[in-house]
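Engineer: Going line by line, the protein sequences match chains A and B.
The letter at position 71 of the first sequence is residue 52 when you use this note's numbering, and the numbering goes up by one with no holes.
Quick note, this note's numbering runs 68 ahead of the 1-based positions in the second sequence.
Keep in mind the hints are simulated off the structure, nothing from the lab.
C-beta atoms are modelled at their ideal positions from N, C-alpha and C, and glycine is treated no differently.
Do not rely on the hints blindly, as some may be mistaken.
[What the hints assert, rightly or not] Which residues of chain A face chain B? A partial, calculated answer using Cβ under 10 Å:
1) Val(-7)
2) Gly(-3)
3) Phe1
4) Asp9
5) Phe14
6) Gly44
7) Leu71
8) Gly82
9) Gly87
What follows is the residue order along each chain.
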Amino acid sequence: DVKVTQSSRYLVKRTGEKVFLECVQDMDHENMFWYRQDPGLGLRLIYFSYDVKMKEKGDIPEGYSVSREKKERFSLILESASTNQTSMYLCASSLWERGGGELFFGEGSRLTVL
Amino acid sequence: QQPVQSPQAVILREGEDAVINCSSSKALYSVHWYRQKHGEAPVFLMILLKGGEQKGHDKISASFNEKKQQSSLYLTASQLSYSGTYFCGTEGRTDKLIFGTGTRLQVFP
C-alpha cells in the first residue's frame, strides 16, 4: 500500500521554538508538498519539491523553510514558531507527471503554538 | 490565486444529486478533485486534463470547460459515504497545484 507518513500527529510548542515536521513516503515519488489547512481557507501550498535538494515556494512560504536531502523525506521547518502558525499541516507526494499525478496525503500534523 | 468553489456547503438526503463547481481566474492545464472525510487525509477522486482526458473514479463524473476555466463535479444518487469536504485543485503553467477552500457535503438517511 502507498504510504505517506508524518512523524507527529499532534505537537504543542511555545512561541519562538524551532519546529521540525517530518514526512516520509515509500513510493519513490519525485514530487513532495507541504500544505497548511485552516477552516474556511482550504489547503494552501507552503513549499514543494520536484527532486532531491530542490525546492520551490508555494503561496504562503513566509515563516517556513524546507529540506529535502533524500528522495523519500521532505521536512518542514518553522525557524521561530508563532501563534499564527497554529494549524493542521499536510504532507503529500506524487509521481512526476504533466497534468499532475495523483497526490497521496499523510494524515496530518496538528501544531499548536502557545 | 485559489480557485473558487461553490456552493460552500450542501445538505442532501440519500439518493439525491449534487453538483460542486470550481472556477479559476487563470488558464488551466488540469483540475483535480479530492474528498476529505472528517479527521482523515484527503483522498484522490479525479483528474481532468486539458484536451478532455480524465483519470479517476468510476462512480463520480466531472466536466472541465477549458475556455471558462471551470470544472464541475457531479455526485449522483448520493450515499452516506459521500459525506465530507470536497476540494478542487487547479494546475496552470507553473505546475503548482492550488486548492480551493472546499465544499462541505452532508448526506442524511
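Engineer: Which earlier hints turn out false for this structure, listed by number in ascending order?
Structural biologist: Hints 1, 2, 3, 4 and 6 not satisfied by this model.
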